[in-house]
Amino acid sequence: MDADEIRHIAVVGTGTIGISWAALFLANGFDVTATDVRPDAEAALRSGIDQTLPSLDRGGKTSRKGVLRFCASLDDCCRDADFVQENAIEREAEKVVLLSQIDAAVRPDVVIASSTSALSITAIQKACKWPQRVVLGHPFNPPHLIPLVELVGGEQTEDWAIELAERLYRRLGKATIRLNREIYGHVANRLQAAIFREAIHLLESGVASAEDIDRAVTEGPGLRWALMGPFLTYHLAGGRNGIRGFMQQFAPLQQRLWGELGEPILDPALQALVVGAVDKAMAGRNIAEIAAERDRRLQALLIARSTSARTEGVGR
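Mapped onto the numbering used here, the consecutive letters of the sequence shown carry residue numbers 241 to 556.
Simulated from the structure, these hints should not be mistaken for lab results.
Be careful, since some hints might not be right.
[To be verified] Taking CB as the label site, the calculated pair distances span:
no. : residue 1 : residue 2 : range
1   : Arg455    : Glu398    : 40 to 48 Å
2   : Ile527    : Phe436    : 12 to 20 Å
3   : Ser548    : Phe436    : 24 to 32 Å
No residue lacks a Cβ here, since even glycine has one placed at the ideal position from N, Cα and C.
Please model the complete structure; the sequences and the hints are all you need to start from.
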């Protein structure tokens, strides 16, 4: 099957990530069957999609172009699917069983993509009869807005499966990256974890409040990170000599900073400290309101970035 022939997508697991994926697929004209074991899953899915679709509006009316059907059984959800996006709980043993069940329910030429945030595809494909079509298709939250999807196969995955998944994601407007090998947490989550680790160290050390640490990112390097990654950022920091100039001038400083970065241990006491600091910074703000505000700002940022790229003739 070619990516252009995909019409029906099965979404397995309809938590936050599954709802976001389902809304994106529907808005792009795919028919979606979805399933989840939670008793209230269908109501939550339909409500979540209704709340999510407006944030996909890029200047015109966004309507649900595909057809949604919720299925009580996994077999019913996957039976006629052309592609599967799995978003179940992050427990390896349970994913191994779930993927083997999906594998038994769909045609051998159907790619099964897992949204797993950290687990190895090699580990979770091992019980499948056709493991060669199991791939990592890891989005960044929220998938309906953030373009990134990370792709990699396991030891038994074949190239055609990764290539088909990549073509499908690009049909959705996604920006894909391919990992050369598997690594726990993939790429983006490892980068994110490094920042979060130091943020917690700074909080634990009493250097600044949670609110000010967040502001140090959003009002500082976070603005640049929306436009360029760390290598290009430091290339510019080197002036006319680029990254060579940076290394010549700042390598000792960078090495000292690395040596002083914290290694906090997330024991119960530190967890309580972080929770208390974030609660204080949020001052009772509702999670749903914060997420809605995030989506509005992300949408505006993506529109501005896209407009700027077209104006300047810059490709992605």
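Hint-by-hint comparison with the structure:
1. At roughly 47 Å, the beta-carbon separation of Arg455 and Glu398 lies within the given 40 to 48 Å, and the hint holds.
2. Distance hint for Ile527 and Phe436: a CB-CB separation of about 18 Å, consistent with the stated range 12 to 20 Å.
3. The hint said 24 to 32 Å for the Cβ distance between Ser548 and Phe436, and at roughly 29 Å that hint holds.
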